[in-house]
Amino acid sequence: MKIILAIILGLAFGIALDQAKASYPQKIIGMLRLKDFHLMKVILFAIGFSSLLLFILLSLNLIEAEHLNVKTTYTGVIIGGAILGTGFAIGGYCPGTCIVAAGRGRKDALAFLAGGLLGALVYMLIFGLIQDAALFDKIAGGAVSLAETNPETHTSLSGNLPALLVAGPIAILFMLIAFLLPEAESRKP
Amino acid sequence: MKKPKSWLKGGLFLGSVFLVGVWLVKPVGVSTQFVVLDGIVWNLLSPDLITQDDANQSYESSNAYLNKSGGKYASLVANPLNYGFIFALSMLVGGFVSGKLSRKKVSNEDRISPKVWRNRFGPSAKKRYAFAFFAGFLALFGARLAGGCTSGHMMSGMMQTSLSGYLFAAGAFATAIPIAILVFNSKRSS
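Chains as they are written, first to last, in the numbering used here: chain H, 1 to 189; chain C, 190 to 379.
Don't take each hint at face value.
As the list claims (entries may be wrong) - Under 10 angstroms between C-beta atoms, here's a sample of chain H residues computed to sit facing chain C:
id, residue
1, Gly-81
2, Phe-88
3, Ala-134
4, Pro-162
Calculated from the structure, these hints are not laboratory results. Note that beta-carbon positions come from the ideal geometry of N, C-alpha and C, so glycine has one too.
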């Protein structure tokens with residue numbers, strides 16, 4: 001059953017990313033150069049929209065809290081993000097979109113994907129040497145979120161406040177920014 | 190001709206996939222699958238990479254990364270027909286299907302490099318592939334150090350208001366924006 005869901009959801013995710021033009025390096029680089037906000041609007045709206053519905057469903061107990069997974073926060077998250085950002089800017093792809101773009105027939109995405117496999121392999125090989133470094137020291141206790149998600153496994157920074165009261169306004173803010181950012185000026189020759 | 194808010198449609202579609210993913214299974218994430226594929230190939234070449242502990246049905250690996258968190262990744266490598274890996278393979282098919290559904294085809298030159306790249310670095314395919322390879326290396330090395338990528342940390346993370354998601358996004362855009370501006374803003378003389 002899970003495998004069937006993996007096939008359907010993976011397919012939907014691939015189509016969604018490509019139809020939203022997230023797998024277009026032209027669009028990614030345009031966003032990062034602050035010239036074309038199309039993808040920024042898509043991403044901010046997608047996060048806000050999914051987050052608002054997620055916390056509404058959670059507050060109604062219509063979604064199992066065990067399905068949520070708040071990742072651990074440590075120094076390496078920021079540094080790793082910064083390294084990823086470098087590749088993101090040069091390549092115009094991220095780990096997910098390069099797969100979709102390769103499926104769409106983009107050859108530079110295949111090169112990015114191959115480089116990614118090597119990057120992940122090198123990380124696997126050096127992990128044993130760095131695993132005890134301060135890089136992995138937890139920040140704010142590790143698996144923390146702003147709004148309460150699953151009190152059994154994760155801590156929330158907003159104490160006992162109802163989760164929807166915290167996450168709702170953040171989600172609406174994301175969607176609002178998505179609406180306010182300027183549309184792409186893509187009519188240029 | 191003005192299209193009616195294509196970003197809104199894209200955002201609704203993408204957001205729905207993230208929501209349905211976490212509703213039915215778990216938050217969407219991708220970068221782990223690069224490790225799983227590496228592990229599968231490595232394990233084929235040297236089958237003693239992963240060993241199964243028959244007593245408690247768990248997996249161990251001689252590689253520290255695959256072995257971490259109780260052999261979590263080792264188990265994924267040993268059982269490639271798992272949710273995350275099939276999901277990632279399916280994304281590849283999704284890209285192909287999306288191409289078939291789109292009226293506009295990707296031009297032959299766009300298959301090699303985006304226009305913004307050609308304007309700056311010229312049409313050389315070799316140069317583009319070399320830099321894309323290098324960029325992919327950095328992106329996946331960084332994603333593994335961070336414990337997730339744009340999907341898992343940024344989108345799924347911020348959807349759950351996870352602190353790691355905001356910090357990851359801050360780290361990623363703090364380098365990506367200035368580098369993109371520096372690399373692509375100087376014009377090539379033509």
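Hint check results:
1. The criterion of a C-beta within 10 angstroms of any C-beta in chain C is met by Gly-81 of chain H, whose closest approach is roughly 3 angstroms, and the hint holds.
2. Given the 10 angstroms rule on beta carbons, the hint for Phe-88 of chain H holds: about 5 angstroms separates it from the nearest Cβ of chain C.
3. Interface hint status for Ala-134 of chain H: violated, as the beta-carbon distance to the closest one in chain C is roughly 13 angstroms, over 10 angstroms.
4. At a threshold of 10 angstroms, the smallest CB-CB gap from Pro-162 of chain H to chain C is about 13 angstroms, leaving the interface hint violated.
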